[in-house]
Amino acid sequence: MTDTIETSQAVEHPVMPFAGAINQALDIAMELDPKVYLLGEDIAEPSGGVYKVTKGLSTKYGTHRVRKTAISEAAIIGAAVGSAIAGYRPVAEIMMMDFMAVCLDQVTNHAGKIRYMSGGQTPVPMVIRTSAGAGRGFGAQHSELLEAWMIHTPGIKVAMPSTPADAKGLLLTAIFDDDPVLFIEQMMMYWDVKRYGGPVPPGDYRIPFGVADVKREGTDVTLVSYGRQVHDCLATATKLAEEGISCEVVDLRTLVPCDEEAVFRSVHKTKRAVIVHEAVQKCGFGAELSSRIHEELFSELAAPVQRVGGANTPVPYANNLESDFLPQVHDIEAAIRKTL
Amino acid sequence: MTDTIETSQAVEHPVMPFAGAINQALDIAMELDPKVYLLGEDIAEPSGGVYKVTKGLSTKYGTHRVRKTAISEAAIIGAAVGSAIAGYRPVAEIMMMDFMAVCLDQVTNHAGKIRYMSGGQTPVPMVIRTSAGAGRGFGAQHSELLEAWMIHTPGIKVAMPSTPADAKGLLLTAIFDDDPVLFIEQMMMYWDVKRYGGPVPPGDYRIPFGVADVKREGTDVTLVSYGRQVHDCLATATKLAEEGISCEVVDLRTLVPCDEEAVFRSVHKTKRAVIVHEAVQKCGFGAELSSRIHEELFSELAAPVQRVGGANTPVPYANNLESDFLPQVHDIEAAIRKTL
Amino acid sequence: MSERPDAPDRDTLLAMFEIQSRIKLCDERFRSLLTSGQIQLIYYSPRGQECISAGWGVHLRPDDYVVTIYRGLHDHLAKGVPLRELWAEFLGRATGTCKGKGGPMHITHPASGLMVTTGIVGSGIPIANGFGIASQLDGTDQVTVVNFGDGASNIGAFHEGLNMAAVWKLPVVFVCQNNLYGEHTPMAMSTGVEFISERAAAYGMPGVTVNGNDPVATWTVMGEAIARARAGEGPTLVEARTYRFYGHLMGDAMEYMDKDERKAAMEADPVVLYREWLLANGHASEGDLAEIEEVITAAIDDAVEFAMNSPFPDAAELYTDVYAEAQQ
Amino acid sequence: MSERPDAPDRDTLLAMFEIQSRIKLCDERFRSLLTSGQIQLIYYSPRGQECISAGWGVHLRPDDYVVTIYRGLHDHLAKGVPLRELWAEFLGRATGTCKGKGGPMHITHPASGLMVTTGIVGSGIPIANGFGIASQLDGTDQVTVVNFGDGASNIGAFHEGLNMAAVWKLPVVFVCQNNLYGEHTPMAMSTGVEFISERAAAYGMPGVTVNGNDPVATWTVMGEAIARARAGEGPTLVEARTYRFYGHLMGDAMEYMDKDERKAAMEADPVVLYREWLLANGHASEGDLAEIEEVITAAIDDAVEFAMNSPFPDAAELYTDVYAEAQQ
Ligand SMILES: Cc1ncc(C[n+]2csc(CCOP(=O)(O)OP(=O)(O)O)c2C)c(N)n1
Ligand SMILES: Cc1ncc(C[n+]2csc(CCOP(=O)(O)OP(=O)(O)O)c2C)c(N)n1
Ligand SMILES: [Mg+2]
Ligand SMILES: [Mg+2]
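Protein chains in written order, with the working numbering: chain A, 73 to 412; chain B, 73 to 412; chain C, 22 to 349; chain D, 22 to 349.
Don't take every hint at face value.
These stretches of chain A come out as covered by chain B in the derived footprint (C-beta under 8 Å, 3 or more residues) [unchecked claim]: (1) 184–190; (2) 242–256; (3) 366–379.
Just so you know, the hints here were simulated from the structure itself, not pulled from any lab data.
We put the CB at the ideal spot given by N, CA and C, even for glycine.
Construct the entire structure; sequences and hints are all you get.
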């Protein structure tokens with residue numbers, strides 16, 4: 073564990089659900105800066121968002137700052153882009169990540185390129201929050217993770233936290249960052265306090281971008297992951313520890329920028345790496361990272377880097393198939409064994 | 073050179089521009105099968121498309137089969153999807169690849185997933201032709217290559233030819249394939265007969281998907297590429313041959329399916345590989361391929377696989393910067409030297 | 022409750038009642054099994070909207086096409102998707118319409134003309150045009166009916182789709198099932214017009230608003246629009262006003278809905294009122310209607326049992342149907 | 022050619038003439054340098070559309086916002102983008118508005134309120150709303166004018182953007198510069214309505230069509246729409262009808278355009294007619310107008326020289342401005 077996490081646990085911060093930590097970060101950001109405002113579908117009271125993540129905020133800050141929109145994702149992101157250029161710090165919500173496909177032009181061609189195309193004159197400080205992920209029986213059009221699209225698009229930063237504390241600290245950083253940030257929240261973690269809850273430091277707590285967090289130290293193999301799959305890596309590490317296999321778990325936390333140094337440092341020590349993410353493995357971020365590790369540490373590696381990602385299929389509906397689609401502990405375990 | 077190409081040259085087929093070969097493939101497909109129809113912006117006569125690629129076809133087949141649309145990319149792809157399910161073989165044109173971002177939902181969530189979501193009942197046999205690529209001073213929003221997005225989306229096939237003969241042979245295969253195919257045409261090649269023209273076999277000439285073509289044989293290093301960058305690889309190979317460095321150039325031709333076997337075969341021989349594509353390097357298809365090579369041939373490799381792709385930036389306008397953005401012969405050369 | 026001179030013949034009236042009852046009873050079964058915890062799934066109830074699908078359902082031929090959305094159970098049943106395969110798909114079984122791989126949001130059954138069910142708001146609209154193009158090129162008189170909500174009328178795909186259909190005079194009927202809410206947002210808070218049908222003029226297309234809880238009026242309006250399309254005279258936008266009895270999806274706290282408004286809507290349950298009207302005007306006896314309901318109930322019993330006893334898909338199915346060939 | 026009771030005061034009339042002439046002369050210089058091969062770039066001539074930008078240009082304050090498209094030279098100049106930086110950007114020089122990195126399709130000059138130039142048809146519309154939201158939240162009376170073509174009115178972003186602006190009463194004026202063609206396609210072949218302004222009703226927004234080649238009428242309509250927005254009364258859709266003299270882009274063979282139609286349009290050159298009208302009605306003497314033109318010509322001479330003599334961007338610029346910090 074890093075200092076950050078240890079410190080926060082030492083003083084025993086209250087355990088919160090993942091969604092609660094995000095709500096708190098939004099609340100604090102809006103309190104701190106009148107230029108922060110939210111827009112998206114159904115985000116205002118009385119419901120406070122379909123997953124209740126924005127609960128209470130429109131009551132506290134008014135519906136001019138928590139703006140409920142029509143089902144018009146291109147209009148949502150476009151409005152965020154324009155107001156960001158005009159000096160605001162909009163936080164737009166795209167209800168599920170698969171819907172990014174209906175507004176990707178505003179994200180990639182506009183949010184991502186406008187700073188560059190203007191020669192630096194018009195930064196676009198905005199956040200796109202989106203919930204994502206399989207495991208809920210929502211089928212092929214409501215379950216995808218598409219971070220790779222945005223990582224392949226220069227100009228956009230990408231964060232994907234694994235714990236409530238990281239979610240809060242990274243979201244506050246994202247909102248006050250001067251670039252567009254895609255902020256990915258795996259829905260499975262929102263309200264499941266038992267599995268994904270955790271202590272959250274109070275107040276204006278920020279975690280810098282581009283700093284990975286070693287969530288577990290180990291010596292035999294490095295597991296590199298981010299988001300919910302960090303928990304699967306930790307579970308695998310616990311399991312293999314019984315056999316005396318020591319796994320280090322590196323949580324990237326942000327993918328753009330990516331703390332490659334932390335990864336290299338760890339792999340330099342363990343000589344072995346397995347990359348784990350929920351997104352489809354083919355052409356996912358694991359491919360980039362695997363290439364980078366091979367490019368930099370080729371002669372040090374004891375075995376080729378392994379990848380564990382979603383199956384190369386749309387997300388199936390049936391429960392058993394959906395489980396098989398997702399990377400699971402046994403898949404991670406098998407990949408680790410390939411490196412040993 | 074493969075047999076195919078040699079054969080075709082042996083009988084001295086007429087040299088055609090890249091765009092002409094595509095026009096011919098469309099013509100033949102429409103002639104062969106009344107279920108083939110085209111739709112897209114400006115594709116009908118009198119202009120025959122803004123790049124004249126569909127010249128003559130609406131006159132020959134009528135405007136009911138060569139359908140000029142409004143500027144409504146989502147409507148274009150959606151219409152293609154529906155009619156494909158209903159038994160047609162639509163060929164939709166998206167004028168430039170960057171515009172895929174305005175209709176990506178129809179491409180990935182619908183064209184790409186409908187076969188799967190229906191349990192195989194409703195195949196979606198359609199082609200999306202799109203022109204792409206930097207080098208023409210069109211700036212950041214008209215120059216991108218985005219094949220990685222689609223390769224990361226299971227259900228879509230992807231072809232990206234490098235020569236007029238391949239363009240014709242692959243397009244005919246694409247049209248009669250039972251899956252959605254993204255067919256990428258680098259605009260720089262359309263009418264530049266001098267640099268990109270070539271002999272084209274007449275008639276219903278087809279090239280199967282998933283069969284790479286060794287465009288030049290060599291022994292010291294394998295250059296893996298596709299599309300226009302194959303020509304840059306060949307130029308580099310010619311240059312280095314003077315120094316006695318022997319490069320093999322493998323042209324993938326289709327990326328989904330990808331002829332990994334051909335790549336592995338070549339790298340097994342040369343022990344070294346450089347992957348070259350125009351798309352932004354970070355999280356591009358080169359990352360996937362590099363990972364695959366390392367995963368399969370780790371112990372055989374003499375050096376880590378190198379990648380040469382577009383810079384990690386939007387495409388700049390100024391001529392000198394745009395050249396620097398693009399992978400060039402000197403970049404490929406430098407990457408090769410890293411492997412030696 | 023008085024007789025309607027505009028009503029269709031008895032067979033049609035009873036056919037509409039059959040469809041409505043099938044939807045209502047199916048929905049009730051889903052909700053009761055969900056509430057009791059016997060099944061678990063994301064469920065978007067169509068209760069309250071039965072008359073609309075029945076209204077177009079009785080006009081369509083088996084070879085006509087229907088496209089719908091996640092809230093689609095009523096449309097699936099109106100187009101004749103068989104109960105067994107439908108239930109099995111909702112439960113993710115190998116015997117489902119889509120082998121359990123699509124699920125409720127993606128019911129597909131080409132044999133009955135149910136071509137696409139999409140979970141992306143508005144996206145079925147451009148796809149429906151594709152079916153219209155196919156019929157137009159084939160020279161048949163097939164019609165495509167595409168269903169979507171009031172919320173969907175604010176997304177770009179609606180605009181592009183309606184414009185294309187109008188320009189090409191496609192044989193498509195655009196049915197906006199206006200239940201006054203898109204998820205948790207009342208239509209007035211998101212939409213610049215009072216009637217979605219007003220938007221038709223932006224494409225030079227006829228647009229009409231009908232009380233979607235009035236089976237006879239809905240039947241009439243749908244019939245006209247379908248006839249127009251079948252005659253090659255082009256598309257129509259039909260806005261059918263209705264109400265969702267159970268909010269957006271099962272488990273919805275509905276705190277954003279007006280309690281009295283909902284109470285009034287449920288008291289004016291269109292299926293119940295229609296049943297009473299049929300009886301009051303002598304179109305059917307209590308026995309006739311009870312028998313229809315009993316047959317449906319028995320069929321649902323059978324379908325539930327079939328589905329519950331069906332196997333989950335084989336693990337290998339994860340990798341099939343991605344491409345025409347085996348994995349690429 | 023008679024006097025117009027609806028005309029603005031002399032200063033405004035001359036200010037409009039100045040903008041129109043600046044556009045016309047700049048365009049002529051671009052085309053002549055392109056034709057002679059002295060410069061090379063993708064060039065979308067705005068010739069024929071000058072009155073429209075002049076019409077809103079004289080109403081706007083420097084702190085008002087403008088968003089436009091690839092065919093944007095006239096809008097850039099009407100909003101006051103300085104000639105030197107503009108020319109340098111068109112030629113891809115380090116001294117350009119965007120250091121040569123954006124190019125003609127992406128001219129940005131916040132100092133004069135030219136906020137975004139986009140190459141993606143329709144995409145400026147939702148972005149303009151963002152500026153409107155900012156002004157609304159700031160409580161200022163700034164106005165945003167967003168320009169786009171007739172073709173853009175068929176894309177989803179148009180629909181979503183106008184609906185959002187209407188629902189939130191944003192201070193945005195939507196200016197559709199209807200030049201009757203989208204690339205090689207005549208409007209009637211792609212668009213379900215005859216007048217784009219008819220589409221405003223789909224959002225409960227006022228819509229008006231004006232002859233965009235009539236400077237006085239255009240000035241009046243723009244003034245009303247801008248005043249409405251400034252007063253917080255919400256958005257307006259203004260359709261200004263006009264013509265592109267030189268087709269879609271430089272080099273266009275224009276085989277898809279009606280020869281007589283184009284000839285007639287060019288004979289009715291709105292800048293030339295306006296000049297004649299100013300003279301005929303004594304608003305200015307030949308000397309007044311010639312002087313305006315001479316000043317502009319000199320400024321263009323200066324700008325061309327400045328741009329031609331400016332350096333290309335430093336190679337390191339490829340990697341800057343991607344993120345706030347150095348490369349990630
Ligand atoms: C493009 C897109 N945006 C958002 C959603 C999430 N979503 C699902 S249903 C829905 C409301 C749709 O309302 P409406 O069209 O009125 O249909 P209804 O559910 O009322 O039948 C929303 C916002 C989605 N599925 N697709
Ligand atoms: C989304 C998108 N589709 C297609 C294009 C290619 N394109 C560039 S300009 C243009 C025509 C636009 O017509 P209109 O809106 O009338 O503007 P005009 O060029 O006439 O000023 C098209 C189709 C594009 N840039 N963006
Ligand atoms: Mg609704
Ligand atoms: Mg136009």
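Results for each hint:
1. Counting residues of the region 184–190 of chain A whose CB falls under 8 Å from any CB of chain B gives 4; the rule of at least 3 is met.
2. Proximity of the region 242–256 of chain A to chain B, defined as three or more residues with a beta carbon under 8 Å from a beta carbon of that chain, is not established by the 0 residues found.
3. For the region 366–379 of chain A, the proposed coverage by chain B is satisfied: 9 residues have a C-beta within less than 8 Å of a C-beta in that chain, meeting the threshold of three.
This entry does not satisfy hint 2, going by the numbered hints stated previously; all others are met.
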